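Asker: All chains, full assembly: derive it from the sequences and hints.
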Amino acid sequence: MRMLEEFFPEFTEKLEEIDKLYAEKRMIDEKTYQFICFALSIKARSKPCVLKHFKGALEAGATVKELSYIFALVMREAAGADDCWTHDVIGDWKEILKGNISCSCEK
2 MRMLEEFFPE
12 FTEKLEEIDK
22 LYAEKRMIDE
32 KTYQFICFAL
42 SIKARSKPCV
52 LKHFKGALEA
62 GATVKELSYI
72 FALVMREAAG
82 ADDCWTHDVI
92 GDWKEILKGN
102 ISCSCEK
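Numbering (the working numbering), first residue to last: 2 to 108.
Please note that the accuracy of each hint is not assured.
[As the list claims (entries may be wrong)] Using C-beta positions, here's what the derived DEER-type ranges look like:
1) Lys15 / Ile97: 40 to 48 Å
2) Glu67 / Glu14: 29 to 37 Å
3) Asp20 / Val90: 43 to 51 Å
4) Gly100 / Tyr70: 45 to 53 Å
5) Glu18 / Asp84: 15 to 23 Å
6) Glu25 / Ile102: 32 to 40 Å
7) Cys50 / Ala73: 28 to 36 Å
8) Gly100 / Ala61: 51 to 59 Å
[What the hints assert, rightly or not] With a straight-line cut-off of 30 Å between C-alpha atoms, the simulated BS3-like cross-links for lysine-lysine are:
9) Lys66 / Lys95
10) Lys32 / Lys21
11) Lys15 / Lys26
12) Lys26 / Lys48
13) Lys15 / Lys44
14) Lys48 / Lys32
15) Lys15 / Lys53
16) Lys56 / Lys66
17) Lys66 / Lys44
18) Lys44 / Lys56
19) Lys15 / Lys32
20) Lys56 / Lys99
21) Lys56 / Lys21
22) Lys32 / Lys66
23) Lys66 / Lys53
24) Lys66 / Lys15
25) Lys32 / Lys53
26) Lys48 / Lys21
27) Lys26 / Lys56
28) Lys48 / Lys66
29) Lys44 / Lys21
30) Lys53 / Lys21
31) Lys15 / Lys56
32) Lys95 / Lys56
33) Lys53 / Lys95
34) Lys44 / Lys32
In short, the hints are calculated from the structure, not lab data. Quantities reported herein were computed from a predicted structural model and do not represent experimental measurements. Ideal Cβ placement from N, Cα and C applies to all residues, glycine included.
Answerer: This is the structure:
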């Protein structure tokens, strides 16, 4: 965000407004919020966000054991989702081998 802060500060200001709105309207407790953000940060592969929400969850009363569970859950669900999606895409693999299905990126 440093580049955006320098060249498009209006954008980062709007993000800060959204963050304030989320905080005002939050319907879940802080620990649950941090768990959700931690999980999303792992899936998004955002090191700063993983660290921020790991620490935030601890400050909200979470244990390292609970965070390890969230970590394992994200890894398992991500693997399952990737597996299901890939099987859906290549489910007709025999037809692909026959040349009956083509990629839309081919000319």
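Asker: Does each hint fit the structure? Answer for all of them.
Answerer: Checked hints:
1. Lys15 / Ile97: 40 to 48 Å: Given a distance of about 45 Å, which is inside 40 to 48 Å, the answer is holds.
2. Glu67 / Glu14: 29 to 37 Å: Taking Cβ atoms as reference, Glu67 and Glu14 lie about 34 Å apart, which means the hint holds.
3. Asp20 / Val90: 43 to 51 Å: violated, 36 Å
4. Gly100 / Tyr70: 45 to 53 Å: holds, 46 Å
5. Glu18 / Asp84: 15 to 23 Å: violated, 39 Å
6. Glu25 / Ile102: 32 to 40 Å: violated, 50 Å
7. Cys50 / Ala73: 28 to 36 Å: Once the Cβ atoms are compared, 18 Å apart, the range 28 to 36 Å for Ala73 and Cys50 is violated.
8. Gly100 / Ala61: 51 to 59 Å: Taking Cβ atoms as reference, Gly100 and Ala61 lie about 55 Å apart, which means the hint holds.
9. Lys66 / Lys95: violated, 45 Å
10. Lys32 / Lys21: holds, 17 Å
11. Lys15 / Lys26: Distance of about 16 Å is within 30 Å: holds.
12. Lys26 / Lys48: Distance of about 26 Å is within 30 Å: holds.
13. Lys15 / Lys44: Cα-Cα ~24 Å, so holds.
14. Lys48 / Lys32: Holds, at about 19 Å.
15. Lys15 / Lys53: holds, 20 Å
16. Lys56 / Lys66: holds, 13 Å
17. Lys66 / Lys44: holds, 19 Å
18. Lys44 / Lys56: This hinted pair holds, its Cα atoms lying about 17 Å apart.
19. Lys15 / Lys32: holds, 25 Å
20. Lys56 / Lys99: violated, 53 Å
21. Lys56 / Lys21: holds, 20 Å
22. Lys32 / Lys66: OK: Lys32 and Lys66 at ~14 Å, within 30 Å.
23. Lys66 / Lys53: With a Cα-Cα distance of about 17 Å, the restraint between Lys66 and Lys53 holds, given a limit of 30 Å.
24. Lys66 / Lys15: Not satisfied, since the Cα-Cα distance of roughly 36 Å exceeds 30 Å.
25. Lys32 / Lys53: holds, 13 Å
26. Lys48 / Lys21: holds, 22 Å
27. Lys26 / Lys56: At roughly 22 Å apart (the allowed maximum being 30 Å), Lys56 and Lys26 satisfy the hint.
28. Lys48 / Lys66: Roughly 20 Å between the alpha carbons, so the hint for Lys48 and Lys66 holds.
29. Lys44 / Lys21: holds, 24 Å
30. Lys53 / Lys21: holds, 17 Å
31. Lys15 / Lys56: holds, 25 Å
32. Lys95 / Lys56: This hinted pair is violated, its Cα atoms lying about 49 Å apart.
33. Lys53 / Lys95: violated, 46 Å
34. Lys44 / Lys32: holds, 19 Å
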